[in-house]
Amino acid sequence: MPDSRATATPDPRSGTDPGPDLAPGRGRRAVVAMSGGVDSSVTAALLVEAGYDVVGLTMQLYDQGQAVAGGRTCCAGQDIHDARRVADRLGIPHYVVDYEGAFRRDVMERFADSYVRGETPVPCVLCNQTVKFRDLLGAARDLGAEILATGHYVRRREAADGPALWRGRDSAKDQSYFLFATTRAHLAMLRFPLGDLTKDQTRALARRHGLAVAGKAESQDICFVPGGDYARVVERLRPGALDPGDIVDQAGRVLGRHDGIMHYTVGQRRGLGIGGTEAPLYVLQLRPGRREVVVGPREALARDRFALHGLNWLGPGTAPPETGIRAMVKIRNTFDPVPATVEVHADARARVTLETPAHGVAPGQACVLYEGERVLGGGWIAREGLSE
Numbered sequence: 003m004p005d006s007r008a009t010a011t012p013d014p015r016s017g018t019d020p021g022p023d024l025a026p027g028r029g030r031r032a033v034v035a036m037s038g039g040v041d042s043s044v045t046a047a048l049l050v051e052a053g054y055d056v057v058g059l060t061m062q063l064y065d066q067g068q069a070v071a072g073g074r075t076c077c078a079g080q081d082i083h084d085a086r087r088v089a090d091r092l093g094i095p096h097y098v099v100d101y102e103g104a105f106r107r108d109v110m111e112r113f114a115d116s117y118v119r120g121e122t123p124v125p126c127v128l129c130n131q132t133v134k135f136r137d138l139l140g141a142a143r144d145l146g147a148e149i150l151a152t153g154h155y156v157r158r159r160e161a162a163d164g165p166a167l168w169r170g171r172d173s174a175k176d177q178s179y180f181l182f183a184t185t186r187a188h189l190a191m192l193r194f195p196l197g198d199l200t201k202d203q204t205r206a207l208a209r210r211h212g213l214a215v216a217g218k219a220e221s222q223d224i225c226f227v228p229g230g231d232y233a234r235v236v237e238r239l240r241p242g243a244l245d246p247g248d249i250v251d252q253a254g255r256v257l258g259r260h261d262g263i264m265h266y267t268v269g270q271r272r273g274l275g276i277g278g279t280e281a282p283l284y285v286l287q288l289r290p291g292r293r294e295v296v297v298g299p300r301e302a303l304a305r306d307r308f309a310l311h312g313l314n315w316l317g318p319g320t321a322p323p324e325t326g327i328r329a330m331v332k333i334r335n336t337f338d339p340v341p342a343t344v345e346v347h348a349d350a351r352a353r354v355t356l357e358t359p360a361h362g363v364a365p366g367q368a369c370v371l372y373e374g375e376r377v378l379g380g381g382w383i384a385r386e387g388l389s390e
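Read in order, the letters of the sequence shown correspond to residues 3 to 390 in the numbering used here.
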């Protein structure tokens, strides 16, 4: 169980971990977002053990009949059943909340539109930003809860300037990249009891509490895209999105044909269907207006500057310094953070200059800023402003 001792407030710029902040429950009401997996189930068990009056909520996000066949997803029909079994085991009330309409509007349709624009979306960020940390937080408040706990592997800490977000202690499970859009107002009510644990420790706790999901496999697919067939999902939401077009080189010479730009992403090498070239070719750019996929050598992928929109600030103070900041940045979840300078502009926009050029900077992906283990915030990589 997470340590509940009082913790010292750190220097907000120090990058020093101030320690866990889950206080004893003593009957205080807490809502747990229960997806039916081992992580959220252990989260519920830990809060029960800490003395909270726990209520489990499971979100129904999409048509269960269309999304459960094949693939390992979260929030599918079996998951709702598993969440209910865990709640029964723990002796807590459990409810299913129907957010299907909001999820379609704020996540699925925006996911499809992003692909149509030639971007590479991150729907898990959109889900956390909207349905989970907007709608579910509202439901928790309506139930009289003081906190909403989730099974994310991140750490919430009290800094000198308010609640702050830190990377999960286990770097292999850290999910902070997907939570950069979480606001300070969200963090005031959110708790992440698993942030100091490894996955093995979580499974051990599940076994200790006798939870049937202790050995359940992890979700692998996007929850509404079972089997990874996102093309079918996008075509259903946006008919005509799979229009064919040309694959061209940097000079505009046609090298082949494609059956829809949404099948491609910046940095992709395999599956281009182009033969007879001396060196491997990579996707450099997608031009939805012309229905073109631009390819070229790997060195042409290197970018050292790009723009962000939708910047969310979680660092010290209420806004980033106008003079800019130095930070470590991630341009993909699997990307090792690299040093960069971030210049902040009006309307939640910024420009990032990498110390060393990176390959595969893709519009639509998130760029997350860190100082040590602390998450400073982040934004969405814009198509405009990518340097050649």
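No lab work stands behind these hints, which were simulated from the structure alone. Misleading hints may appear alongside valid ones.
[As the list claims (entries may be wrong)] Calculated lysine-lysine pairs in the PhoX-like style (CA-CA distance at most 25 Å, straight line):
hint, residue 1, residue 2
1, 218, 201
2, 332, 175
3, 218, 332
4, 218, 175
5, 175, 201
[Unchecked claim] Pairwise CB distance ranges, derived in the manner of DEER restraints:
hint, residue 1, residue 2, range
6, 79, 31, 26 to 34 Å
7, 282, 245, 33 to 41 Å
8, 282, 83, 40 to 48 Å
9, 341, 214, 41 to 49 Å
10, 330, 281, 30 to 38 Å
11, 95, 335, 17 to 25 Å
12, 291, 162, 22 to 30 Å
13, 83, 229, 16 to 24 Å
We put the CB at the ideal spot given by N, CA and C, even for glycine.
Hints, one by one, checked against the model:
A threshold of 25 Å between alpha carbons decides the hint, and for residue 218 with residue 201 the separation of about 12 Å falls inside it, so the pair holds. Distance check on the hinted pair: residue 332 and residue 175 sit about 15 Å apart at the alpha-carbon level, within 25 Å; holds. The suggested pairing of residue 218 with residue 332 is violated, with an alpha-carbon distance near 30 Å, which exceeds 25 Å. Of the pairs offered as hints, the one joining residue 218 and residue 175 holds, with about 16 Å between alpha carbons and a cut-off of 25 Å not exceeded.
Of the pairs offered as hints, the one joining residue 175 and residue 201 holds, with about 7 Å between alpha carbons and a cut-off of 25 Å not exceeded. Taking the beta carbon of each, residue 79 and residue 31 are about 28 Å apart, inside 26 to 34 Å as hinted. In this structure the supplied range 33 to 41 Å is violated for residue 282 paired with residue 245, their Cβ-Cβ distance being about 27 Å. Distance hint for residue 282 and residue 83: a CB-CB separation of about 46 Å, consistent with the stated range 40 to 48 Å.
Taking 41 to 49 Å as the suggested C-beta distance range, the pair residue 341 and residue 214 conforms, at roughly 46 Å. Look at residue 330 against residue 281: about 32 Å separates their beta carbons, and that is inside 30 to 38 Å. Checking the proposed 17 to 25 Å range against residue 95 and residue 335 shows it is violated: the Cβ atoms sit about 34 Å from each other. For the pair residue 291 and residue 162, the supplied restraint of 22 to 30 Å is violated, since their beta-carbon distance comes to about 48 Å.
Between residue 83 and residue 229, the C-beta spacing of about 21 Å keeps the proposed range 16 to 24 Å intact.
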